[in-house]
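Heads up, the sequence shown is in UniProt numbering, so the first residue is 1 and it goes up one at a time.
Honestly, the hints are just simulated from the structure, not real lab data. Here a beta-carbon is modelled for each residue, glycine too, at the ideal position from N, C-alpha and C. Mixed in with the good hints there might be a few duds.
[Unchecked claim] DEER-style ranges, computed between Cβ atoms:
1) 51 - 31: 14 to 24 angstroms
2) 48 - 71: 17 to 27 angstroms
3) 105 - 83: 19 to 29 angstroms
[Claimed, not checked] Keeping only pairs whose Cα atoms sit at most 30 angstroms apart, straight-line, the calculated DSSO-like set for lysine-lysine is:
4) 17 - 107
5) 26 - 90
6) 17 - 39
7) 26 - 107
8) 17 - 90
9) 57 - 17
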Amino acid sequence: MLATGFGIAAHLPYLQKLIHNHHSHKSPIRRIHLIWQMKQLGIAAQQLLNEALAEDKLDGDYILRISMYSESEDIYETSFGSRSTVYRGKIPLRTILQTELAERRPKSRTVMSVSANGAFQDELIALMREFPRSNIDLAHTEYQPL
C-alpha cells in the first residue's frame with residue numbers, strides 16, 4: 001500500500017479488512033507493507049494506524065509493517081516497535097520495489113494499492129515499466145490526493 005499525504009485515509013478501511021480477513025483465514029495474504037509519504041509527521045492517522053497494528057497481533061501472526069517518510073527537517077529515523085518506522089526524506093521507490101520483489105515467494109502475485117499525488121504515481125508507473133515480468137498489479141483507490 002502506497003500513500004502520499006491524505007491518501008492514507010483511502011487505505012485505512014482496506015487495511016482493516018485485509019487484516020481481519022487474514023486472521024479469520026478468509027484470504028491468503030502473506031504480508032502487508034503500508035508506505036506513507038507525508039510533509040510533516042501528523043497525528044491525525046496515528047490512532048488508526050496503531051489500531052491496525054493492535055488488531056494485527058490477535059493471534060501472534062503479524063502481517064503488517066508500516067513505513068512512514070517525512071520531509072520535515074526535524075525528523076530522524078525512529079522505530080515504533082518492530083513493525084513501524086519513520087524515516088526522513090522521500091520514499092525510495094526503487095529500493096522498496098526491489099526489496100518487496102526479493103522478499104516475496106517465487107511466482108506469487110502482489111497487489112500494490114496506490115492513493116498518491118500525480119507526480120508520485122508517474123514515478124511509480126515509470127519504475128514499474130522496468131519490471132515487466134514482476135507479476136505486480138497496481139490498484140488505484142477511488143480517492144487520489146492532489
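Index of numbered hints that the structure contradicts, given in increasing order: 5
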